[in-house]
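Participant: Using the sequences plus the hints, can you model the full thing?
There are 2 protein chains.
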Amino acid sequence: MKDIQIRPATSADFDAMWHIFSAHVSAGETYPFGPEVTRENAQMYWLGNGVTSRVATLGERVLGMYRVVPNQTGRGGHVANASYMVSPAAQGVGVGRLLGEHSLDEARSQGYLAMQFNYVVSTNTAAVMLWKKLGFSIVGTLPKAFRHKRLGFVDAYVMYQLLQDPDHWPTTDE
Amino acid sequence: MKDIQIRPATSADFDAMWHIFSAHVSAGETYPFGPEVTRENAQMYWLGNGVTSRVATLGERVLGMYRVVPNQTGRGGHVANASYMVSPAAQGVGVGRLLGEHSLDEARSQGYLAMQFNYVVSTNTAAVMLWKKLGFSIVGTLPKAFRHKRLGFVDAYVMYQLLQDPDHWPTTDE
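Chains as they are written, first to last, in numbering that gives the first Met the number 0: chain Z, 0 to 173; chain E, 0 to 173.
Check before you lean on any hint, since a few could be wrong.
Same chains, same names: a pair is fine if it fits in one copy or spans any two.
[Stated by the list, open to error] The calculated lysine to aspartate or glutamate pairs, modelled on EDC-like cross-linking and capped at a C-alpha distance of 20 Å, are:
#1 Lys-132 - Asp-166
#2 Lys-143 - Asp-164
#3 Lys-148 - Glu-35
Hints are computed from structural coordinates only; laboratory data are not their basis.
Facilitator: In structure tokens:
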């Protein structure tokens, strides 16, 4: 694990990122993206303007990635949203945890007050357990909101954690 | 009330819609949009590709509007999201309720399984009460997720309702 690096993603990483993304899309168990999602859509999602994007690498190999964006515009822009994908070949060795911890540090250092996941598939128990370990709570349950490829309609969770003390958060208003 | 019509919004309505939108933005109590939102952003939001957009009118006057879009792509595309705005000059006479009922019928007729609101400001009690009357439940609470112009950080709610029986919803998979 100590040789895994996390660094900013660049367009040179995108072939590897697209490969990981496509594996998740065809599994149909973790993210809403359907088979209609194009490479261009994915590139916007991971490397578009305003997206903080990081890859976990071992030597030349990309093992996984995350992105952090504001979850809402304007009056909701103090809450971060993040997404994570780990290569199927690198699952179960702690890459998700490294990405998760790194993304929380990143969001904190960018000054976000909180982080929200809008759509954690309830049957993705490894992810739910990991996010709880990293300080997230389930703050909402969306009945039948995800159409799982094998299981049909399943619930999705909204997960959330405060990253800083709201009473000491610097705020200005127009 | 019986003279109020609800019909598809067109670009000819956009001056009136922008006026209503701008009033909500400057109040800063209901929607996340900050003062940086441009007229072009608002036009995409209300009249962009794939957006179902309706206005409530009384004669020539636009009293309010709603939009319906899929809340997620692909495997989450069976859940609708909707947004509503009523002109400050037309508040308290039931326009919101008309728009809400119409949008639920619209979403049902488009075949959506459920409708989700991602971000109902908790202090907007008139809206929360109305959505409950129309069948929504609070399924999640997002602590301090909205920066209210007068009140500072306040919670936002996720609200949700099933529109059809999931067991009889036509589904296909790739």
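Participant: All the hints need checking, so say for each whether the structure fits it.
Facilitator: Structure-based check of all given hints:
Taking CA atoms no more than 20 Å apart as the test, Lys-132 paired with Asp-166 passes in neither setting, with 25 Å inside one copy and 34 Å between copies. In this assembly of identical chains, Lys-143 and Asp-164 lie within 20 Å of each other by CA distance solely across copies; the values are 11 Å between and 34 Å within a copy. Taking the shortest alpha-carbon separations for Lys-148 and Glu-35, only the intra-copy value of 15 Å comes in at or below 20 Å, while the best inter-copy value is 40 Å.
Hint 1 from the list above is the single one not met by this structure.
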